[in-house]
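Novice: Chains as they are written, first to last, in UniProt numbering: chain A, 1 to 156; chain W, 1 to 156; chain P, 1 to 156; chain E, 1 to 156; chain H, 1 to 156; chain V, 1 to 156; chain Y, 1 to 156; chain S, 1 to 156; chain X, 1 to 156; chain G, 1 to 156.
In case anyone wonders, no lab produced these hints; they're calculated from the structure. Quantities reported herein were computed from a predicted structural model and do not represent experimental measurements. Among these hints, one or two may not hold up.
[Unchecked claim] Simulated coverage check for chain X against chain Y, where a stretch passes if three residues somewhere in it have a Cβ under 8 Å from a Cβ of chain Y:
hint, region
1, 8-15
2, 76-84
[Unchecked claim] Under the rule of at most 16 Å between Cα atoms (straight-line distance), these lysine to aspartate or glutamate pairs were calculated in the EDC-like manner:
hint, chain 1, residue 1, chain 2, residue 2
3, P, Lys-29, E, Glu-115
4, H, Lys-26, V, Glu-115
5, A, Lys-29, W, Glu-115
6, W, Lys-8, W, Glu-71
7, S, Lys-8, S, Glu-71
8, G, Lys-8, H, Asp-67
No residue lacks a Cβ here, since even glycine has one placed at the ideal position from N, Cα and C.
Protein chains: 10
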Amino acid sequence: MKSTAITKPMTREDVTDLIYSAKVQKGLKWSDIAVKLKLSKEWVTACCLGQMTCTKQQATILGKIFDLPPEAVKILQVVPYKGSLPTQVPTDPLIYRWYEIVSVYGTTIKELIHEEFGDGIMSAIDFSMDITREPDPKGDRVNVVLSGKFLPYKTY
Amino acid sequence: MKSTAITKPMTREDVTDLIYSAKVQKGLKWSDIAVKLKLSKEWVTACCLGQMTCTKQQATILGKIFDLPPEAVKILQVVPYKGSLPTQVPTDPLIYRWYEIVSVYGTTIKELIHEEFGDGIMSAIDFSMDITREPDPKGDRVNVVLSGKFLPYKTY
Amino acid sequence: MKSTAITKPMTREDVTDLIYSAKVQKGLKWSDIAVKLKLSKEWVTACCLGQMTCTKQQATILGKIFDLPPEAVKILQVVPYKGSLPTQVPTDPLIYRWYEIVSVYGTTIKELIHEEFGDGIMSAIDFSMDITREPDPKGDRVNVVLSGKFLPYKTY
Amino acid sequence: MKSTAITKPMTREDVTDLIYSAKVQKGLKWSDIAVKLKLSKEWVTACCLGQMTCTKQQATILGKIFDLPPEAVKILQVVPYKGSLPTQVPTDPLIYRWYEIVSVYGTTIKELIHEEFGDGIMSAIDFSMDITREPDPKGDRVNVVLSGKFLPYKTY
Amino acid sequence: MKSTAITKPMTREDVTDLIYSAKVQKGLKWSDIAVKLKLSKEWVTACCLGQMTCTKQQATILGKIFDLPPEAVKILQVVPYKGSLPTQVPTDPLIYRWYEIVSVYGTTIKELIHEEFGDGIMSAIDFSMDITREPDPKGDRVNVVLSGKFLPYKTY
Amino acid sequence: MKSTAITKPMTREDVTDLIYSAKVQKGLKWSDIAVKLKLSKEWVTACCLGQMTCTKQQATILGKIFDLPPEAVKILQVVPYKGSLPTQVPTDPLIYRWYEIVSVYGTTIKELIHEEFGDGIMSAIDFSMDITREPDPKGDRVNVVLSGKFLPYKTY
Amino acid sequence: MKSTAITKPMTREDVTDLIYSAKVQKGLKWSDIAVKLKLSKEWVTACCLGQMTCTKQQATILGKIFDLPPEAVKILQVVPYKGSLPTQVPTDPLIYRWYEIVSVYGTTIKELIHEEFGDGIMSAIDFSMDITREPDPKGDRVNVVLSGKFLPYKTY
Amino acid sequence: MKSTAITKPMTREDVTDLIYSAKVQKGLKWSDIAVKLKLSKEWVTACCLGQMTCTKQQATILGKIFDLPPEAVKILQVVPYKGSLPTQVPTDPLIYRWYEIVSVYGTTIKELIHEEFGDGIMSAIDFSMDITREPDPKGDRVNVVLSGKFLPYKTY
Amino acid sequence: MKSTAITKPMTREDVTDLIYSAKVQKGLKWSDIAVKLKLSKEWVTACCLGQMTCTKQQATILGKIFDLPPEAVKILQVVPYKGSLPTQVPTDPLIYRWYEIVSVYGTTIKELIHEEFGDGIMSAIDFSMDITREPDPKGDRVNVVLSGKFLPYKTY
Amino acid sequence: MKSTAITKPMTREDVTDLIYSAKVQKGLKWSDIAVKLKLSKEWVTACCLGQMTCTKQQATILGKIFDLPPEAVKILQVVPYKGSLPTQVPTDPLIYRWYEIVSVYGTTIKELIHEEFGDGIMSAIDFSMDITREPDPKGDRVNVVLSGKFLPYKTY
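This is chain A alone, in the form it adopts within the complex (with noise of 0.2 Å):
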């Protein structure tokens, strides 16, 4: 028996730079998707890039703006294994930042929620996040609002 070649089913990794590709070659903004998908552009970001899941609709919507192939609108309706870095410690200096908060003042975030609500935790899945330049003469700064349902730990 002969070992046929096979083709490599198409992956919600593929799709992603399918999108990635195509945002970049048609010169689009994720704010202006977001517009079209009427979502926040923070959803809609992480969505495309392969954090999210979609419904038939907006799947069928992204597939028309970055010219998808059907298998690929399907792909985007299956929630994705999650987790967008390549390395545990990041190595790109934007989010290598936002790594250094954590580790800086992750002691300090928890003391504070713990001493306002008590042992739980905030949630990262009953979460929003909401990214915006605030001027400042100084040097414009960005604001980000990150809000989520606090869950507490009960006996039991």
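Got chain A sorted already, so can you dock chains W, P, E, H, V, Y, S, X and G onto it with the hints?
Specialist: Only chains W, P, E, H, V, Y, S, X and G this time, still in chain A's reference frame:
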């Protein structure tokens, strides 16, 4: 020549342990301590947990609040070796959720900041944080506002 | 002597990719596939994802369901190299929660099993799992029952 | 100025060690301790092993059971830094079997929860666990029921 | 409130250190100790090095042999947190050779056990080991017999 | 100057994949292949899985058994870069049990070999392994005999 | 439904490979390329190696120099995911020497910057580097001038 | 035979701790200490932080400045085990920025040194460093000059 | 705009693979190749395996010996990114033994070089190696002579 | 039952610290100590640093040289857990250069030993090392001769 037992000198970590223990045993709150220093609770907590540097005056106030020995008051005025977490991937569920946000949304944050500002980073040094409770009938939320100066990469 | 291009032979990972892609493109459900094999959805999903070994009959049924080539049907009958996750600490939030349960409750589980059974382990081989939805007015719950034979350490 | 020897303040890990040692030397059982707290043996063990936070009343009861000094009773009421294992991949065979279940069945659990509930996670916070002995003529089994609230990802 | 110095309670690692030190200072042999316990030298050594659990009687005998304090005798009867090596890849040349055998022959062992028994594992719990000297004119050999129950994966 | 597509030359890993695939598709057994080479099934399997080096004659026989191209037959005669596992801690349950044996019994093995032979190691090179089925009414056992020359450390 | 082969879209890494290969095959020098862009050789090399972002004009010039396809010219204008090294500890001896400087002198650099400037950092974003040859009769030296803006931590 | 408590002998790390503590408590500056040794502040700081070796005369001066015991003065004359950072990727923000420079510019530095000098390295041993403040109306800058002998690889 | 398939340009790793494959298929020996280049077998092998840089003349000779395409001959003249091993701790038994020598004797080598030369290092750049067979009636030995220039640390 | 403070028994690491400290404080040289033991300085240093095992006579001589307590003399006669370095990749520059030699030349060493001897390893147990100063007008060199028995892999 005989070896004599040496007294291990006090480190910033010892000071953090002394502060943390005194806070627990006296039943103090970070927000009340912050009021005494006339600074935000976020900066004060980070400082008490070994991540920031005091002026002489701030160190003296903290020394009184926590009954610290004179060496400790001097050590609080020295720039510490920063990083508050014992492992690269934090094991504490509350802090892990922040690591997860960086993991899942890291590339999203990167894309949206670059779309708005171009190449550069959001500073983690010229930076402030504000943690508040957002009442919500479906369960109160943790609201965190992060504000960091945008620093552009420059050609040269 | 000239090098000639070789055809990379099919691996179990290729078969998993083929199955997963066919499932997505055909819109199948794991629980329906399990019914066709007359086995639990847990075992069948683990098998389709490359963690279990089929009998010839099971492989043939899967081959029909997913339009697999004959090589793939043979590969499904070979014991695979197991382990379904790409990193030591999983990055996917759903799977991470399970890692967190092991991290936070690991010593608890150990203590309680030893208290009840003495020294030994709960088998992960003579093992079954049942995942169900538990309706709850405050939000439905995921109910997972794990059953593993207790294997005692013996003196010799 | 001479360095003076400092007394290292008590930490939660010290309290865990004191509790564990007292339990062993007194020959107590976790399930009996749980009865005194009127809580499940799972929560109580996790708490005694440094993973949960006591109310004042619970801490006082534990202090009496284990002859803890007053500082320890206060420390039990503080939210701990969680994570009970010394290494990323646990070396203890009983706990490793759980890590293996996550490794081998992780993607299966993910698929089946998503098939039933859509995108989201099973909470490890709004969570309970029940460990029981299941008699079996071929060798008794460990039965573990995990119940976690399903938390859906939301668009925004 | 003043912090008072706490006495760090004895752990299983302390007991292992006490046993090991007593063995060296008294010039005892593991095989002689095993004879006193009427068990194999392999199990007894593993137990003395903190990997197995004693009955009360066994612990009492070990306590006499090594002049252990009463706390230590109690600790020997508690199931330990297992894993005897300080690093993932062992640095000691003798132990590394075993890691190398797993690295070089691991897939071979897997293939041959599966060929003979089908899918499953060789138990490391229902397991025994026998280490003997095999005289050989070209240099004596270490002969190790490992016997582990085969545990099959089952469908369900 | 234009880049031209290069043909990636065949590696030992490609040969291992070809052998493994042919074995699966033809339904061969390692023990039968070993008979044809008049060598133990342990050595032959390790060799086929890329860990040992063939003579010309052995390579030719393997080439015929598995229909290998002539380049592959030459590659089998080259000493390979050894190590058969993809991760430091193996994820496959069967192979992990062996890693666990090294982890739990590693210091025991070390002590007992040193007690019998003095300082030195058990060779993993001048080494052989024999895997057999040991019938047992309570469930058959895997019996593995490892034989390695003792190599003493010498002073100089 | 049949899977169709997808064309993997071009990434920044592909562009880096194309540039590097063209540079080698054409025998160009980084310093000559920098002259054409009227920028420092340090910035231009970093940009060509995938670490900086071009303006449209710069990308067009690079496209001509290296015969890049139009997609590549667009990709050069997109902010890249930064980090040029394949491992946490670099294996290349030249680059490792820099890692060693950070390892051996890291705390020294920290102390001296803090002594001069107080708490804060030397920016790696508002940053420039100049590498020159310093003739020396005992062997020429590499002279590197690093200039980074000091960014102070602020209380808030 | 009874174990007797042993006095742990002084190590270079103890000496570093003594020096650092004395510096903080006495309010000394590295640059003033360097003047007393008639050496650069960079070398002196690295030496005091455990990275360089003193002559007898230098050690004696440091002993007087920091009130060190006689053992410490001897230890300063012994070549230390170097490496000043506790983790592979430094967590301190100031030191991390240097790691980031190696990560982002590492291949650039490599290319430009090779373009100028050919294959070889910039020595981190025959090396000096000079850190100065560069006044700048937009914010003062840290200026660092690194000078290392070029060492060519040789054929042989 | 359509993505077009790009031809992946040749890298030094491709050249190493081509050389290695040609050597195996042609049955060449490293020592014979070294004779043709009039250099040591150690340097030539390291160069062919991607660790050293050729002159034009050396590259041309290698190109003829191994039938390399013209791009490859150019690539051989470019300084490579060095480091020949796929993992931090090598898995290959022969190479691991060298890692073990560094692990077991590393501090010994350090002490003896410092005792003879003072603080500094043995260069791995101004370095040569000579590997020979040392006949021995008890079994031939591998004799390796390493010669590296001593580079002293200097005060400044 | 009250916990009583236990005396931590002496370990081989304590003995190494005692020896190293005594050597520094007494100003001894490894080569002089080796003369007293009538062995090579390489073996004696490795032994004193915790990597080799003494006979009773050797231990007694070392005990006198370093004023060791009787327990320590016994501990020197026990086979130690070997491996002298605190991290997988050594941070000390002198020892790192050896790691770099393994990294850069590892595959070269492998190829040349296999070319001369066939498949097998150079023993790190039946092994000796000789470190000498090689005078050189361009700067003295460190000359290291390593001699290890070749151990062939055997078929069986």
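Novice: For every hint, state whether the structure bears it out.
Specialist: We went through each hint and held it up to the structure:
Counting residues of the region 8-15 of chain X whose CB lies closer than 8 Å to any CB of chain Y gives 4, which reaches the minimum of 3, so the coverage claim holds. Requiring three or more residues with a Cβ within less than 8 Å of a Cβ of chain Y, the coverage given for the region 76-84 of chain X holds, as 4 such residues are present. The straight-line distance between the Cα atoms of P:Lys-29 and E:Glu-115 is roughly 7 Å, inside the 16 Å bound, and the hint therefore holds. As the CA atoms of H:Lys-26 and V:Glu-115 are separated by approximately 15 Å, the hinted pair is consistent with the 16 Å bound.
Taking the CA atoms of A:Lys-29 and W:Glu-115, the gap is about 7 Å. The hint holds against a cut of 16 Å. For the hint pairing W:Lys-8 with W:Glu-71, the CA-to-CA distance comes to about 13 Å; that is within 16 Å, so the pair holds. Between S:Lys-8 and S:Glu-71 the CA atoms are separated by roughly 13 Å; this keeps the pair inside 16 Å, and the hint holds. Distance hint between G:Lys-8 and H:Asp-67 is fulfilled; the C-alpha atoms sit about 14 Å from each other, no more than 16 Å.
This entry satisfies every hint, going by the numbered hints stated previously.
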